[in-house]
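Protein chains: 2
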Amino acid sequence: MALIVQKYGGTSVGNPERIKNVAARVAQYRERGDRLVVVVSAMSGVTDNLIKLARAIMPLPSEREMDMLLATGEQTTIALTAMALHALGIPAESLTGAQAGIVTDGVHTKAKIQNITPKKVHALLDGGHVVIVAGFQGQTAEGQITTLGRGGSDLTAIALAAALKADLCQIYTDVDGVFTADPRIVPDARKLDEIAYDELLELAGTGAKVMQLRSVEFAKKFGVIFEVRSSLNDNPGTIVKEETKSMEDVVIRGVSLDKNQAKITIIGLSDRPGMAARVFTALADAAVNVDMIIQNISHGSGAPTTDLSFTVDKSELLKAQKVIEGLKKELGYKQVIANESIGKLSIVGVGMRSHSGVAARMFETLAREGINIDMISTSEIKISVVIEIAKAETAMRAVHAAFLG
Amino acid sequence: MALIVQKYGGTSVGNPERIKNVAARVAQYRERGDRLVVVVSAMSGVTDNLIKLARAIMPLPSEREMDMLLATGEQTTIALTAMALHALGIPAESLTGAQAGIVTDGVHTKAKIQNITPKKVHALLDGGHVVIVAGFQGQTAEGQITTLGRGGSDLTAIALAAALKADLCQIYTDVDGVFTADPRIVPDARKLDEIAYDELLELAGTGAKVMQLRSVEFAKKFGVIFEVRSSLNDNPGTIVKEETKSMEDVVIRGVSLDKNQAKITIIGLSDRPGMAARVFTALADAAVNVDMIIQNISHGSGAPTTDLSFTVDKSELLKAQKVIEGLKKELGYKQVIANESIGKLSIVGVGMRSHSGVAARMFETLAREGINIDMISTSEIKISVVIEIAKAETAMRAVHAAFLG
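Protein chains in written order, with my numbering: chain A, 139 to 543; chain B, 139 to 543.
FYI, nobody ran anything at the bench for these hints, they're computed from the structure. Please note that the accuracy of each hint is not assured.
Note: identical chains are not told apart, hence a pair may lie in one copy or across any two.
[To be verified] Below are the DMTMM-like pairs computed for lysine to aspartate or glutamate, each with C-alpha atoms no more than 20 angstroms apart in a straight line:
| # | residue 1 | residue 2 |
| --- | --- | --- |
| 1 | Lys460 | Asp423 |
| 2 | Lys258 | Glu386 |
| 3 | Lys250 | Asp409 |
| 4 | Lys383 | Asp305 |
| 5 | Lys257 | Glu155 |
| 6 | Lys472 | Asp372 |
| 7 | Lys158 | Glu201 |
| 8 | Lys379 | Glu169 |
| 9 | Lys258 | Glu332 |
| 10 | Lys460 | Asp429 |
| 11 | Lys257 | Asp423 |
| 12 | Lys190 | Glu155 |
| 13 | Lys258 | Asp423 |
| 14 | Lys158 | Asp312 |
| 15 | Lys472 | Glu502 |
| 16 | Lys466 | Glu502 |
| 17 | Lys460 | Glu478 |
| 18 | Lys329 | Asp429 |
| 19 | Lys457 | Asp186 |
| 20 | Lys383 | Asp512 |
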């Protein structure tokens with residue numbers, strides 16, 4: 139008899155039929171004798187409609203009132219989900235984030251969970267109820283309604299699992315789990331049975347949209363083992379947990395491709411101390427997120443110059459270019475070049491630490507395919523390269539075959 | 139500088155444009171220096187859609203979960219209304235019923251307000267904010283979300299006005315106020331400048347759908363003077379208050395017509411003690427609401443019999459007939475006749491008490507029109523007659539002309 143926290147996203151509760159399917163699944167677990175806490179998101183489309191309503195009133199609504207507005211989305215779903223369980227004869231009661239004891243800070247639209255006092259959840263579980271909790275929302279100590287921002291419902295589930303010391307936390311979604319690569323690009327991609335927190339963090343950070351980083355980080359911090367699995371079938375999913383010795387037997391866990399980056403190169407930058415700092419301080423001041431940074435060796439005699447390259451999100455390219463052009467007089471560089479036709483290919487795996495030659499094997503594989511490497515960046519469990527976008531998918535398939543084929 | 143509680147119904151906040159109109163009106167009052175608490179309903183259509191969603195899950199959903207679901211309707215409107223005020227540069231903050239301190243009993247879907255602790259409302263008013271409060275909802279002392287049932291938003295406004303000792307309570311609707319009669323039937327009908335609580339109660343009880351009885355009863359109990367007025371123009375509305383001496387100068391305040399009643403007559407009922415009690419106990423047990431009751435004198439010799447007539451809501455006619463037929467053996471009556479073609483015409487006014495001959499004048503007027511009176515019932519400030527439905531509107535115009543023309 140386990141205590142299980144299940145989380146269902148917007149697609150899984152997108153209409154009354156799907157909510158009934160969720161109830162049927164909960165009923166299965168209950169028949170096994172499990173105790174259940176079910177976290178649900180707003181029905182798909184509902185949040186967007188509420189945002190549209192708000193924008194029709196004013197372009198930039200107050201964040202406090204946005205939270206008041208958006209919190210209704212999940213509140214609607216919890217009531218309907220409880221009803222669907224009642225229809226199956228299962229005692230169930232819904233709780234808003236506030237009622238479930240989820241206390242956050244006061245940063246509206248992206249509040250952080252400060253603590254959870256799940257008194258009511260415990261009482262309802264003890265009374266034999268399935269407890270339905272609104273994801274994505276909480277309440278400040280002063281009683282203000284807050285929302286947790288993107289991926290907030292996952293966070294609610296994982297934080298509740300930690301607070302309740304649940305035996306298992308299941309994140310239901312519309313894919314079967316975490317894959318070795320995006321199956322739409324790599325037909326040979328396989329679902330993983332397990333993955334380490336750090337691996338999932340690196341994959342999520344390199345373009346594989348499985349879960350928001352913050353939920354995984356929270357799970358890692360509090361040691362919450364969770365399973366990413368499909369609400370459309372009964373297949374087991376991917377277990378996400380602390381890395382184990384046996385995980386290192388696998389050289390790499392997955393391959394990801396991020397096509398959403400652009401590269402900026404500053405040519406002929408005077409090679410004096412403080413120049414790079416000036417560039418990246420200016421970008422940070424303009425709230426531009428920089429990902430990879432490469433500085434080549436300096437060349438020329440007399441006043442030596444260097445070329446500095448970095449990548450940013452495509453959506454921030456124009457802003458970044460403006461910042462750099464604004465520095466032209468001060469820095470006295472020769473030219474700025476922007477390139478949107480790049481892809482960032484990454485391999486991730488805790489096994490890298492114990493297997494040598496991983497980078498060499500990746501570069502050889504790309505060379506064999508005639509693919510030029512533009513930039514390289516590495517972490518302890520990740521190697522990323524920037525390559526020409528036209529060849530990025532071919533490169534991904536080749537690298538996947540070399541390590542995971 | 140007055141403290142005003144305003145209430146806007148579903149039509150007045152039915153879309154973003156209308157919500158902006160509400161904000162513009164609030165801004166006008168604020169410019170005058172007034173402090174404002176604004177109670178809003180769910181946008182028209184929203185509550186019905188939520189009920190439809192619930193019914194798609196299960197035909198008879200739990201009342202606790204219905205409250206959880208329906209409370210989202212008003213929560214959406216308060217956020218949007220606050221945003222609309224922000225767009226005009228007016229500081230405003232929205233509060234759910236729970237946040238506004240509206241504490242109810244635990245009878246879900248028709249909770250009663252037990253008390254109001256408007257601490258947050260006071261704090262926000264003191265801070266110069268317009269306070270937007272979700273109508274129709276509250277919270278039990280244990281933190282369960284409740285709704286107040288039909289007309290609940292009016293009740294929220296009037297109860298808040300009482301708790302805040304507001305100078306004025308304005309109920310905005312889509313008509314100009316309370317009329318001497320329904321203007322669709324009586325072209326000469328006039329808007330009333332003022333009306334006594336009791337008169338409005340009698341009018342509402344006799345088919346004039348101005349406000350739910352409970353809100354008027356609450357206002358009377360706590361002496362809350364309120365104004366019913368239109369959100370579509372700036373005309374003054376109708377002030378509802380305790381009756382004054384001068385109100386008695388007017389013989390009758392208004393005329394109403396209820397076409398929603400049906401009459402049942404039991405013919406040849408044995409005229410023994412306890413027979414009527416048996417009939418109405420059986421009807422009460424079946425939850426049939428009876429309005430008017432008439433028993434004619436007994437006739438016949440030997441075992442005298444009588445005819446018993448009463449009216450019920452048309453929607454409950456079939457149920458009532460079944461109850462009476464089930465008593466046939468026990469009561470031994472001769473026949474039951476149902477008549478749906480009736481109208482109940484009422485005249486209402488505190489002036490009746492000091493003016494004699496009001497009933498005679500009404501009956502004479504009807505006689506002059508050749509209209510037969512089927513049943514009569516009177517209260518201290520009301521006379522109702524049941525007449526043939528085909529002549530009911532003619533009768534209404536004639537009576538209106540006689541007293542209010």
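For each hint, the structure was consulted:
In this assembly of identical chains, lysine 460 and aspartate 423 lie within 20 angstroms of each other by CA distance solely inside one copy; the values are 13 angstroms within and 80 angstroms between copies. Taking the shortest Cα distances, lysine 258 and glutamate 386 never come within 20 angstroms of each other, neither inside one copy (42 angstroms) nor across copies (57 angstroms). For the identical chains of this complex, lysine 250 and aspartate 409 are neighbours neither inside a copy (42 angstroms) nor across copies (77 angstroms), given an alpha-carbon limit of 20 angstroms. Neither within a single protomer nor between protomers do lysine 383 and aspartate 305 lie at most 20 angstroms apart by alpha-carbon distance, with minima of 22 angstroms and 74 angstroms respectively.
Proximity of lysine 257 to glutamate 155 under the C-alpha cut-off of 20 angstroms is found in neither arrangement, the shortest distances being 32 angstroms within a copy and 43 angstroms between copies. In the homo-oligomer, the alpha carbons of lysine 472 and aspartate 372 never lie at most 20 angstroms apart, since the shortest distance is 60 angstroms inside one protomer and 67 angstroms across protomers. When the C-alpha separation of lysine 158 and glutamate 201 is checked against a cutoff of 20 angstroms, the pair qualifies only between copies, where the shortest distance is 19 angstroms, while the shortest distance within a copy is 33 angstroms. Proximity of lysine 379 and glutamate 169 under a CA criterion of 20 angstroms is satisfied in neither setting, with 27 angstroms inside one chain copy and 60 angstroms between copies.
Proximity of lysine 258 to glutamate 332 under the C-alpha cut-off of 20 angstroms is found in neither arrangement, the shortest distances being 33 angstroms within a copy and 49 angstroms between copies. In this homomeric assembly, lysine 460 and aspartate 429 come within 20 angstroms of each other (Cα to Cα) only inside a single copy, at 18 angstroms, whereas the closest approach across copies is 78 angstroms. For the homomeric pair lysine 257 and aspartate 423, neither the shortest alpha-carbon distance inside one copy (44 angstroms) nor that between copies (42 angstroms) is at most 20 angstroms. Taking the shortest alpha-carbon separations for lysine 190 and glutamate 155, only the inter-copy value of 13 angstroms comes in at or below 20 angstroms, while the best intra-copy value is 25 angstroms.
Neither within a single protomer nor between protomers do lysine 258 and aspartate 423 lie at most 20 angstroms apart by alpha-carbon distance, with minima of 45 angstroms and 38 angstroms respectively. Taking the shortest Cα distances, lysine 158 and aspartate 312 sit within 20 angstroms of each other inside one copy (16 angstroms), while across copies they are farther apart (40 angstroms). Within a single copy, lysine 472 and glutamate 502 get their C-alpha atoms no closer than 34 angstroms, and across copies no closer than 105 angstroms, so neither meets the 20 angstroms cut-off. When the C-alpha separation of lysine 466 and glutamate 502 is checked against a cutoff of 20 angstroms, the pair qualifies neither within a copy, at 39 angstroms, nor between copies, at 99 angstroms.
For the homomeric pair lysine 460 and glutamate 478, the shortest alpha-carbon distance inside one copy (16 angstroms) is at most 20 angstroms, but the shortest distance between copies (79 angstroms) is not. For a Cα distance limit of 20 angstroms, the shortest separation of lysine 329 from aspartate 429 qualifies neither inside one copy, at 28 angstroms, nor across copies, at 70 angstroms. Neither within a single protomer nor between protomers do lysine 457 and aspartate 186 lie at most 20 angstroms apart by alpha-carbon distance, with minima of 27 angstroms and 46 angstroms respectively. Proximity of lysine 383 to aspartate 512 under the C-alpha cut-off of 20 angstroms is found in neither arrangement, the shortest distances being 34 angstroms within a copy and 94 angstroms between copies.
Checked against the numbered hints above, the structure breaks hints 2, 3, 4, 5, 6, 8, 9, 11, 13, 15, 16, 18, 19 and 20 and satisfies the rest.
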